[in-house]
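*Asks:* Here are the chains, one letter per residue:
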Amino acid sequence: MKLLLRLRSLLNRDHLDDQLSDELAFHLEQQEAELIANGLTPQAAKLEARRLFGPISSTREECRDKRRTQYFEDLLADTSFTLRALRKSPTFSLIAILTLALGIGANTAFFSTAYGILFKPLPYPQPEQLVTLNEGVSGIGPITTLRTLSKTTNYAGYVPSLDLNLFDSGEATKLRASRTTHNLAAVLGITPQLGRWFQPENERPGLHRFVVLSDHLWRTRFHANPNILGQKLLLNERPFEVLGVMPPAFSFPSPQTELWLPISLDNRQVGEIWGGFNFQPIGRLKPGATLETAQSELRPLIDKVRSSFPWRMPDAYGASATVVRHDQELIKQVQPKLLVLAGATFLLLLIACGNVGNLLLARGIHRQREFSLRVALGASNPRLLRQLLTENLILVLLGGVSGLAIALILFEALPTVFPKDTPRLDELLVSPTLPLGAVASLFVTILLFTTIPLLGGLSLKPSRHVAKFSITLIGVELALATTLLIAATLMGHTLWQLSTKDTGISATNLITARISTGPSLCPNPERCQALLNDLNTTLLNDPSIRNVNWTNAAPFDQDFATVASAIEDHPKQPNEPAFVLWQSAATPGYFNSLGIRILQGRPFDNTDQPNSQLVTIISQSTARRFWPNQNPIGKRLRPVYDEHWRTIIAVASDASLHSLTGYPSWINGVQYIPLTQSRFLSERNLQLSILLETTGNTWPNLLKQRYPGIAVSNITTLGALRDNSIESQRSTATLLTLFAALGLILGIAGVHGVIAHRAAQRTKEIGIRMALGAPPWQLVRMVLSETFLASTLGTTFGVAVAWLLSRYLKTLLYGVTIHDPLAFILSPAILILAATIAATIPAIRATRTDPALTLRQD
Amino acid sequence: MSKPSDLLQGTLDLLILKTISLEPVHGWAIAKRIQQSSSDVLLVQQGSLYPALHRLEQQGWIDSETKPTESGRVAKFYSLTKAGKKQLAIELNKWDRLSTAVSLVVRPA
Chain A
3 MKLLLRLRSL
13 LNRDHLDDQL
23 SDELAFHLEQ
33 QEAELIANGL
43 TPQAAKLEAR
53 RLFGPISSTR
63 EECRDKRRTQ
73 YFEDLLADTS
83 FTLRALRKSP
93 TFSLIAILTL
103 ALGIGANTAF
113 FSTAYGILFK
123 PLPYPQPEQL
133 VTLNEGVSGI
143 GPITTLRTLS
153 KTTNYAGYVP
163 SLDLNLFDSG
173 EATKLRASRT
183 THNLAAVLGI
193 TPQLGRWFQP
203 ENERPGLHRF
213 VVLSDHLWRT
223 RFHANPNILG
233 QKLLLNERPF
243 EVLGVMPPAF
253 SFPSPQTELW
263 LPISLDNRQV
273 GEIWGGFNFQ
283 PIGRLKPGAT
293 LETAQSELRP
303 LIDKVRSSFP
313 WRMPDAYGAS
323 ATVVRHDQEL
333 IKQVQPKLLV
343 LAGATFLLLL
353 IACGNVGNLL
363 LARGIHRQRE
373 FSLRVALGAS
383 NPRLLRQLLT
393 ENLILVLLGG
403 VSGLAIALIL
413 FEALPTVFPK
423 DTPRLDELLV
433 SPTLPLGAVA
443 SLFVTILLFT
453 TIPLLGGLSL
463 KPSRHVAKFS
473 ITLIGVELAL
483 ATTLLIAATL
493 MGHTLWQLST
503 KDTGISATNL
513 ITARISTGPS
523 LCPNPERCQA
533 LLNDLNTTLL
543 NDPSIRNVNW
553 TNAAPFDQDF
563 ATVASAIEDH
573 PKQPNEPAFV
583 LWQSAATPGY
593 FNSLGIRILQ
603 GRPFDNTDQP
613 NSQLVTIISQ
623 STARRFWPNQ
633 NPIGKRLRPV
643 YDEHWRTIIA
653 VASDASLHSL
663 TGYPSWINGV
673 QYIPLTQSRF
683 LSERNLQLSI
693 LLETTGNTWP
703 NLLKQRYPGI
713 AVSNITTLGA
723 LRDNSIESQR
733 STATLLTLFA
743 ALGLILGIAG
753 VHGVIAHRAA
763 QRTKEIGIRM
773 ALGAPPWQLV
783 RMVLSETFLA
793 STLGTTFGVA
803 VAWLLSRYLK
813 TLLYGVTIHD
823 PLAFILSPAI
833 LILAATIAAT
843 IPAIRATRTD
853 PALTLRQD
Chain B
56 MSKPSDLLQG
66 TLDLLILKTI
76 SLEPVHGWAI
86 AKRIQQSSSD
96 VLLVQQGSLY
106 PALHRLEQQG
116 WIDSETKPTE
126 SGRVAKFYSL
136 TKAGKKQLAI
146 ELNKWDRLST
156 AVSLVVRPA
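These protein sequence lines are chains A and B, in that order.
Here the first sequence is numbered in the working numbering, starting from 3 and rising by one per residue.
Here the second sequence is numbered in the working numbering, starting from 56 and rising by one per residue.
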């Protein structure tokens, strides 16, 4: 009501002003009339009435104030005044707004990303109840046993990624699937949008030929056909009936998962159920259960799981398994990176604010004349302060709006910046969390912009205080820039270490791809081998193809192929964990084509057949570890579950097949076996990686023309795979470098601006000193001394901050210590140098002025 | 004649509301009536009367209307609104309590 009245007053203010004048005039007339009646002359009455009334204009002001519209009117006036002032100095406005926009934009984008990935609740009902076991317990047998026995947690299990061939309209396509327990959807709390999910009986062998599709697959391949339910799909050459379609947002275990199949609990498949470990647990706490009760129940449960194995498991099995929240486990990998990036953009925002703050201070000094004039004309100090704050807020607002545009652009670019396997990235792109980040960044900025001018004494008068404050701001900016630059250098150094790392694999142009096919082409090892031979012949007929080799997985694919092994001369106690060896299956030309050298012995050749002697080649460091100062050739090893020993026939040079950063610490050695003698040819669904030396790209068609049932996927080069494996470090390093560069530019621009301004203020002093005979270098030194002090103190402070913060980068670094001397010496040196150069230019310019001219100036 | 006493703080609103509660009046008349009703004891400063009127109007307690006076000159007449009548009752009540309380202190029975 009152607001309405106020608004009415605001809209009618001209009319109301007239009314007020009339009213007061009427009062005066009445007074005069009374005075005349009392015997005064009209002249005297007029004067007396005025005297009795007091100051009319202030009464009028007061009446207006009572209407409470003054605030709005001032705001309108300030706003239009500010906009006019900004238009009048476009360079200043543009620089200030752009600087703020950069800071706010980057900060908004990365705060939003960090929030969306790290803190936003997962898209499942009561996501805080979802748990997982962080290590040690996996596999169908153990997890279904846990599911039966647990009283606190509803456990489900899933295969993170499984490649299937879909044969549809005469062509085979590889699809990413997941095999899950029947209760996975119930544990996650999601129901299909169409049809239904698996029932308990679908886990029984023979009843498991059902499939649930992802929304994406349903839409792209089946045109969102609502009659898809009940149709049969040919997966790995067997018919599976479509049971349901999941809702669009469902992306478990990964956004790339296209379909889900039930597990088949066939007790005759002991190896698959108890021997495979590529099956992960997820669970939902039952009502009333907590992480603690679930954890305290776990230990006795794991004892039962261990005794359920058909063979004896080491006592250490599952000893370190812990119940952890699913959401925390999911983001464990990306958390440091995202926090570092969000922190870096925050530093950038602070630098941007410092810079614009300094610009404003400098402008304030230039506006002394204007302020003095306005004070002389009756403006009150609070009134001027309010105007300055309005100006700052409008600047921030304009910067914020442009910043939001920048944030949106950055947001679009996120998928190219973050590796594909970043959790929840798809979710983030569908429903961005921009507003939160924007509000947070704007809040920080506004807070700074209402305090910086107050701290700076809101320069209504020029003073040493303001100058000192400017220099201090520069110091702070340089400190922040140093911290950023150190972080960027640490990541850059890491990237350098990684990309120049000798992996022992010299080939980079080798083409590689995943080749998969179903059981009809590859029903047994002999037919499989024949198929491979035929493929080789087909390919080598093409003149552009020189060499064809096969392996179970291309290097740097991060796929795990390991085997628990018994090793001659190194017996183990029954309850000791076995040695774990990395295992790669290879064709004879494999070593040559990857550039791995055979240091001793002979490579595989065509005499290594399934029925001939079982052979193996080990890496040099494996040989050194198990047989130091002995000849390893002729020694033997075997998988723990197999009676047949393999004889070592050669030692190969070391190669990092797993990733650039080498093998995980729990891998004790590296072993190669002939593909002909491996289990990979005896699997019903053949899945191999091809290694090709070729210049053309038509070869997949050759394969498909010959065998339509073959699917070719993930075609890439070895170099690209290698680059891909350091994608996470690369994107972090790139972004940090970008932020550091921006921080550096802003910081240096700030130094230049402030020093130029200071020098301009001191032209008179410089002129006098020159007139008195001071040599130019002394004057340059005088101007520079402040910068030097600020940059030295600032960078020292920045180094100290970085020294304390760099441990948060630890998980991202490789081959670089967190206190890397290169980063901690180079970065501050660069900053001090750049700051000095930036300050020298205006300093020298100041000494170039003609003393006679400057002295005569006013 | 003794010097007119200053208005007790906060009583101006009450005096204005009471004065215009009988019939719509203009500013000059309000000042005059207060002065006359109090036998020249209470003198309202013009400098505070008009801001007070505008404040009360902004509060929604009084309403104004421009119409000719008896002499034919157009003036701004103030009258009490519904909310103003309520406010007058509240102010009167407050005043009664205050004056009783002050009397109790300065002239104990």
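Keep in mind the hints are simulated off the structure, nothing from the lab.
Heads up, a few of these hints could be off.
What the hints assert, rightly or not - Facing chain B, a subset of chain A residues (Cβ under 7 Å, in silico):
#1 Glu-25
#2 Ala-27
#3 Phe-28
#4 His-29
#5 Gln-32
#6 Phe-55
#7 Thr-61
#8 Glu-64
#9 Lys-68
#10 Trp-313
Stated by the list, open to error - Computed list of lysine-lysine pairs in DSSO-like fashion (alpha-carbon distance at most 27 Å, straight line):
#11 B:Lys-137 with B:Lys-87
#12 A:Lys-68 with B:Lys-149
#13 A:Lys-334 with A:Lys-288
#14 B:Lys-87 with A:Lys-48
#15 B:Lys-141 with A:Lys-68
#16 B:Lys-149 with A:Lys-334
#17 A:Lys-68 with B:Lys-87
No residue lacks a Cβ here, since even glycine has one placed at the ideal position from N, Cα and C.
*Asks:* Take the hints in turn and mark each one as holding or not.
*Replies:* Evaluation of the provided hints:
no., hint, in the structure
1, Glu-25, "5 Å, holds"
2, Ala-27, "10 Å, violated"
3, Phe-28, "5 Å, holds"
4, His-29, "5 Å, holds"
5, Gln-32, "4 Å, holds"
6, Phe-55, "5 Å, holds"
7, Thr-61, "5 Å, holds"
8, Glu-64, "4 Å, holds"
9, Lys-68, "4 Å, holds"
10, Trp-313, "89 Å, violated"
11, B:Lys-137 with B:Lys-87, "25 Å, holds"
12, A:Lys-68 with B:Lys-149, "24 Å, holds"
13, A:Lys-334 with A:Lys-288, "24 Å, holds"
14, B:Lys-87 with A:Lys-48, "18 Å, holds"
15, B:Lys-141 with A:Lys-68, "21 Å, holds"
16, B:Lys-149 with A:Lys-334, "67 Å, violated"
17, A:Lys-68 with B:Lys-87, "23 Å, holds"
Checked against the numbered hints above, the structure breaks hints 2, 10, 16 and satisfies the rest.
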